[in-house]
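As given, the protein sequences belong to chains A and B, one line each in that order.
Counting with my numbering, you get residues 1 to 564 for the letters of the first sequence.
Counting with my numbering, you get residues 565 to 727 for the letters of the second sequence.
Hints listed in this document are in silico derivations from the structure and should not be mistaken for laboratory results.
Since we're looking at a predicted model, the values are computed, not measured.
By construction, the Cβ of each residue, glycine as well, lies at the ideal position given by its N, Cα and C atoms.
One should not assume that every hint holds.
[Unchecked claim] With the Cβ distance kept under 8 Å, some of the chain B side facing chain A (calculated, not the full set):
id, residue
1, GLU574
2, SER581
3, ARG582
4, GLY585
5, LYS626
6, LYS630
7, ILE632
8, ASP633
9, VAL634
[Unchecked claim] Covered stretches of chain A (in silico footprint by chain B; criterion: 3 or more residues with CB under 8 Å from a CB of chain B, positions within the stretch not fixed):
id, stretch
10, 120-130
11, 298-306
Read off the chains here:
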Amino acid sequence: MEVTGAEIFVRALHDEGVEIIFGYPGGAVLHIYDALYTQDKIQHILTRHEQGATHAADGYARSTGKPGVVIVTSGPGATNAVTGIATAYMDSIPLVVFTGQVPTHLIGNDAFQEADNIGITRPCVKHNFLVKDVSDIAVTIKKAFYVATTGRPGPVVVDLPKDITAHKAEYSYPENISMRSYNPVHVGHAGQIKRAVKLMLGARRPMFYTGGGVILGNAAASLTELARALDYPVTNTLMGLGGYPATDRQFVGMLGMHGTYEANMAMHHCDVLIAIGARFDDRVTGNIEKFCPTAKIVHVDIDPASISKNVKVDIPIVGCVDNVLKAMLKLLGEGKRQPDSGAIKEWWQQIDEWRSKDCLKYDQGSELIKPQYVLDTLYKVTDGDAYVTSDVGQHQMWAAQYYRFDKPRRWINSGGLGTMGFGLPAAMGVQLAHRDATVACVTGEGSIQMCIQELSTCLQYALPIKIINLNNRCLGMVRQWQEFFYQGRYAMSYMDALPDFVKLAESYGHVGMQIDKPEDVESALKEAMQLKDRLVFMDFITDQTENVYPMIPAGGGQNEMILI
Amino acid sequence: MRHIISILMENEAGALSRVAGLFSARGYNIESLTVAPTEDPSLSRMTLVTRGTDEIIEQITKQLNKLIDVVKLMDMTEGPHIEREMMLVKVNTGDDRREELKRNSDIFRGRIIDVTDKTYTIELTGAGDKLDAFLETLDPEVIIEVVRSGVSGIARGDRALKL
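With the rest of the complex left out, here is chain A (with noise of 0.2 Å):
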């Protein structure tokens, strides 16, 4: 029996298994909203905006590994899309992106609602589908989920000209799909693996840096058991947090601009470096001339174009880290030869140094609240347990520095575009996929205020989202670099004229605490957290001067760091 393709849509999706999608309805795809209208295996989560549909989807994504999904209307509906699919693509989560367009015969029309989907989000996709058939929408569904989904990946969007989705044709959704343009590698190379591995016992000052690669490849396991068995330092990336358990001795804290000392130091002298699943990104490297200038580099990556392209490495392996880690786990079991356990003593006697500086601590006597304890204070009453999302800037950094990641998938944040507006929605998707955890939204007054709409999509949901904002009245990453580098000349840095967030919270049917004293944060936090079914804005008045440390300043390597 021949369907429509508004009906095809829906029951490809199914197929897929896909049971939540986030979305805005508009002309364009009002066929297809109809058909999900008619049926209830599919959840459908209307948003305030298509940004905070993609970011909902990415949180999602981001927290389970499976694919999200996203289906806005044609035109504007798209390209409010376009930065949540960027901020997708940049951090390589696997979303399909469905977005209406306008009937065949009226495309280049300059019609009503009508923009080019597909130019415009060619660059930040990992691929995209213009569908000119109705009999083509089902594998062009199948394609667009495996290519999102294996590989490294990455965001795919289909676009869907309103016309063929009221035509009509058989239903039919492929079991298996294979591309002869797109065969994503699986296994390491095992001579390369084998070099790598005897490269690695003999260091004497490894270090193991990884990144989102690791959470993304569901390796963290594999990435612990390695380390552990070898007993040498781990740093993470800022998207690679929770790939290994932070609390755990071997871990040294984030590395990077704001990373801390003993990770950084340690990159800066160590002779061999194992790099999982990460990219050797400018905020990672610092001063590319200055970096890690006495390692050998072994570079675990999914993405060939990954490898050399900023650093020259040694031995390039190409495979899912997952893959590659066990089978350096079994190389490792197989053989005699251990580390050199002389060596990597004296390792962690000089990493122990660089850590006793203690390069986080904060005052803890002030009368202003620290954002920084509130986040420790976060992590305490929340027994490290928390999904935590975030937005971009200081409170982004703070968070990192102060949530103490055990597991993989549980911090949530823009690393690679670094978008303003992210936490609330991205905390949605979470919480929408982990009903009965705790979802905290890390944010400050500038970043929650550019998807602040979506409390009306937590409110209709019932999602009872922690809002955790830093507000010090200001853009704090932005005041801090005019602080160092323009002579404090805070130029547009100031938020002013702020709305009452208490009252903006209770306007949208939530519940809203401001908080200005350090006596007060834990037990607002505790009471919070005991308001189980209801969505708290938390307003924490906080230090407007507390800058985000240590740093590497612009052009510095990684000994270079400014200190408190």
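Go by the hints and put chain B onto chain A.
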């Protein structure tokens, strides 16, 4: 160094814009670009001439391979290969240059494919530097119009870019 990269890609709408977009987004330069269908109607073959250090060329080939529509590619310059480009040149013969232009065209194995009382149109095929050399023999004032096809390339011997 100058590299000629040949690419087999899915013959689909937008495939060319993915390659062009990649080069502009990442700041690589394109000296010439040609694209046409192959004997297999589902495949297009693109030939791209670019310049860069070894590191940049490595990144270019990796990034091209990463495009979902790219099926296979080959850096022609890595082995012996034949490079060809076609050029059409319309020249102003005046009254006194007809003999000389004919002679030069013959020397470069060009063919005169259109004639008027004041112009010749010369067709010339060869590697890029041969076409450059021919243009250098002409007084700039003589040249009315130059059309170049962009470079095509094929490997010598058994080496081939095919599925």
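The hints, checked one at a time:
1. GLU574: 6 Å, holds
2. SER581: Holds - the Cβ of B:SER581 comes within 8 Å of chain A, reaching about 7 Å at its closest.
3. ARG582: 6 Å, holds
4. GLY585: OK, holds: B:GLY585 within 8 Å of chain A, min 6 Å.
5. LYS626: 4 Å, holds
6. LYS630: 5 Å, holds
7. ILE632: B:ILE632 check passes; min Cβ-Cβ to chain A is 4 Å, inside 8 Å.
8. ASP633: This interface hint holds because 6 Å falls under the 8 Å limit.
9. VAL634: 6 Å, holds
10. 120-130: holds (count 5)
11. 298-306: Coverage by chain B holds here, the residue count being 3 at a Cβ distance below 8 Å.
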